[in-house]
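Asks: In order, the protein sequences belong to chains A, B and C.
The first sequence begins at 311 in the numbering used here and counts up one residue at a time.
The second sequence begins at 4 in the numbering used here and counts up one residue at a time.
The third sequence begins at 763 in the numbering used here and counts up one residue at a time.
Treat the hints as calculated values from the structure; they're not laboratory data.
Cβ coordinates follow ideal geometry from the N, Cα and C atoms, glycine included.
There's no promise every hint is true.
Claimed, not checked - If you want the footprint, here are the derived chain C segments under chain B, 3+ residues with CB under 8 Å: (1) 772-786; (2) 790-803; (3) 817-827; (4) 844-854; (5) 869-879.
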Amino acid sequence: MCLAIPGKVEEIAEENGLRMGRVNFGGVVKRVCLDYVPEIAVGDYTIVHVGFALQKIDEEEAEKTLALFREMGVLEEELADGDEAFARAAGKPSSSCPDGSCSTP
Amino acid sequence: MGESLKAGAPDFSNWSCPLPLVGYPAIVMGHGGGGKLGNELVEHLFLPAFRNAALENLGDAAVLDLGGARLAMSTDSFVVQPLFFPGGSIGELAVNGTVNDLAVSGAAPRFLSASFILEEGFPLAQLAAIVEAMAQAAATAGVQIVTGDTKVVERGHGDGCYINTAGIGVLREGIEVGPHRARAGDAVLVSGTIGDHGMAIMSVREGLEFESQIRSDCAALNGMIAEVLDAAGAEVHAMRDPTRGGLASTLNEIAQASGVGIAIDEASVPVRGEVQSACELLGLDPVYVANEGKAVFFVAPEAAETVLAVLRAHPLGRDAARIGQVTAEHPRMLVARTAMGANRVIPTQIGEQLPRIC
Amino acid sequence: MKYLTEFRNGEIAQRMAREIHAIATRPWKIMEVCGGQTHSIIRNGIDQMLPAGIEMIHGPGCPVCVTPLELIDKALKIAAQPGVIFCSFGDMLRVPGTEGDLFQVKGAGGDVRVVYSPLDAVELAVKNPEKQVVFFGVGFETTAPANAMSVHVAKRRGLKNFSLLVSHVLVPPAIAAILESPGNRVQGFLLAGHVCSVMGYWEYPPLAEKYKVPLVVTGFEPLDLLDGIRRTVIQLEAGRHEVENAYERIVTFEGNRAAQKLLGEVFEVTDRAWRGIGVIPKSGWRLSQAYREFDAEERFQIQGIRTQESALCRAGDVLRGAIKPAECAAFGKECTPRHPLGATMVSSEGACAAYFNYGRFLSAADLASAGSGLTGVARG
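From just these sequences and the hints, can you work out the full model?
Replies: Structure representation (structure tokens):
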């Protein structure tokens, strides 16, 4: 269950007694009920499930987590240079076709 | 066909068929979704009944020999709701859909018919707008609408306006393209971003609406395809426009028809950021979302770069990309390498893709 | 998309997978409870990236799959009634009842509509005062706040033509039931991150303590899943059994207080039947007394339901993690997404459908060895 997507709050307004917002999901804007996140403000990010914002996204935590992820295993990788298969898989595809036979666009 | 059906319910009790229709005793929406249900209807009902060589190829258009002239013929019906959507209307779809079916069969589209089934009460102003759109689309595509028909059904028996178009084109000399002609080693190219049309429609669908800049990509591709054939000719083995059922369904159809495997790299498939976002929101996969102005090409590997250059030089092919290749491995299956570096099979969908919450 | 795309970085995913390879010294069986996590694991090939000894067991976290057959049959009966607009999430449309599914009811003339949010159903009730609008309120705790708000709004606006067909299920009792079941093989759990965004994770320390299993709150993107798995494996290797939060950008210990407050008003705990599993005591929510007038089962009083599951279907065993989908005799034969026998083959995140659609119909080994330059990461 639980397809919930992060979006940025662009507008907040009262509608029929509910706190509603316009939330921007990577360029797509949807009306979302913000009643469960009373502390949320325009410019904040929130996680939305079936038209309801469930939590404000803690951006500091998000950055911390990403920073940790980025560091993970980097040192190990530098040491393991005999491992061709992994190195290839770990790198971004160098060409747009799987067997590498076409030139990079 | 309409007359005989009205005469009384057809009796299927003595009807023989290699495999009986299973699962559904009546038509459901999924049968029109461009996926497995629709294919079953063709294979188990229409094909056995109409059996002939031209039909069995199941290409986008039928290839016909008419006293020496090689023609292609295609038909399509348009039942889209809403009738007007960002980037177009049922009118442009009706013209471009048939034009494209002919073009991907290697024909230069020439003449179209247009039949309208209108619902009592449908506003004339809307009909005028649709017809105007058709006229413009036909002019752009260089085709003429030369015959037509109008029927009216009672209020409540139609979604305002249904349109059927049928088209005839002249097959190019020396060009033999078809879904069965892809071969191992062929490069798979797509002419641009996928999922635009389906998500444009979704954005204005009741209960699912959202605001976005997504517009339908509805366009006539015959000009662009002609340039591709000019440049690469017989090295183009197969072409198709991925309409309902999306890129995934089209690639699966070709894999099936040609008996080959297709391997694509997910990261190479071009998708507009907003289309991706809209898909995320509704839990949809862009590879299954409809397109109305894109084509996939199966091209001999040595011609791939040339075709890509021709596409990218054309206004409708700016975002063209090489997305994969045909392989002798995993025949009849479409396999994608994910961003994680793992492989996943992309099957034909069953009916229409539905938004999900899970 | 911000806070989404970054957590799909293939390069980092590969490195995280390597870490897991490096730390795992023994085989472990980990269950992800949430169907959305199952979907993401299989769609991204996360399980292909893990060491061979780490087995992901797909749990019953698919509310679509576990909605009792009897309720599906009631839904079909209600939806078929004239004067009813039956609204549902898309997921439910093809779930097989005893005789057919909502799609077929639609085909026979029922007014069945897919909506994105329960509030859309409320809007339909406002716009169509002469019809009865019923919303199929299934889900775990993640979806409950939305469903709760819909009846709360209906009550506040004095709507007489809106009702909720409720089938809410709860995660903690499900985990307990799995751990209690004889023959349980699960040694650690990835907790459903979005359920926890609503409920927090204060309910889980007693479970970790009682059953001595690590419980890690995990998100849904590839990096989140790999991190959740990594942390679970670290705990298992060290013999620890704690509750950990690997989804800190979204989940807090206490969860969403505002949501929990309304949930407490609108719903009350009840025993629930889980399709394929059986009744788990106190494992669901139903409408509380104050909101009972909006209960569709009570409003419509559907009688004469005779439920019958397919004799071949082993969805229950799959949901409990007792077997993998491919181990069911009907998998891929009598039971396919085209002709599903049970709900797990229908729901896009049902384990059987996920397996079938993402090609586990082939073994992972077959796919990994499929040449043409597509190199799988499986090293085990």
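Asks: Take the hints in turn and mark each one as holding or not.
Replies: Hints and how they fare:
Beta-carbon proximity to chain B at under 8 Å applies to 3 residues in the segment 772-786 of chain C; the threshold of 3 is reached and the given coverage holds. Judged by the Cβ-Cβ criterion of 8 Å, the segment 790-803 of chain C is covered by chain B as claimed, because 3 of its residues qualify and three suffice. Closer than 8 Å: that is the beta-carbon criterion, and the segment 817-827 of chain C has 3 residues meeting it against chain B, so the requirement of 3 holds. By the rule of at least three residues with a Cβ nearer than 8 Å to a Cβ of chain B, the coverage given for the segment 844-854 of chain C holds, with 4 such residues.
Under the rule that three or more residues need a Cβ within less than 8 Å of chain B, the assignment of the segment 869-879 of chain C holds, with 6 such residues.
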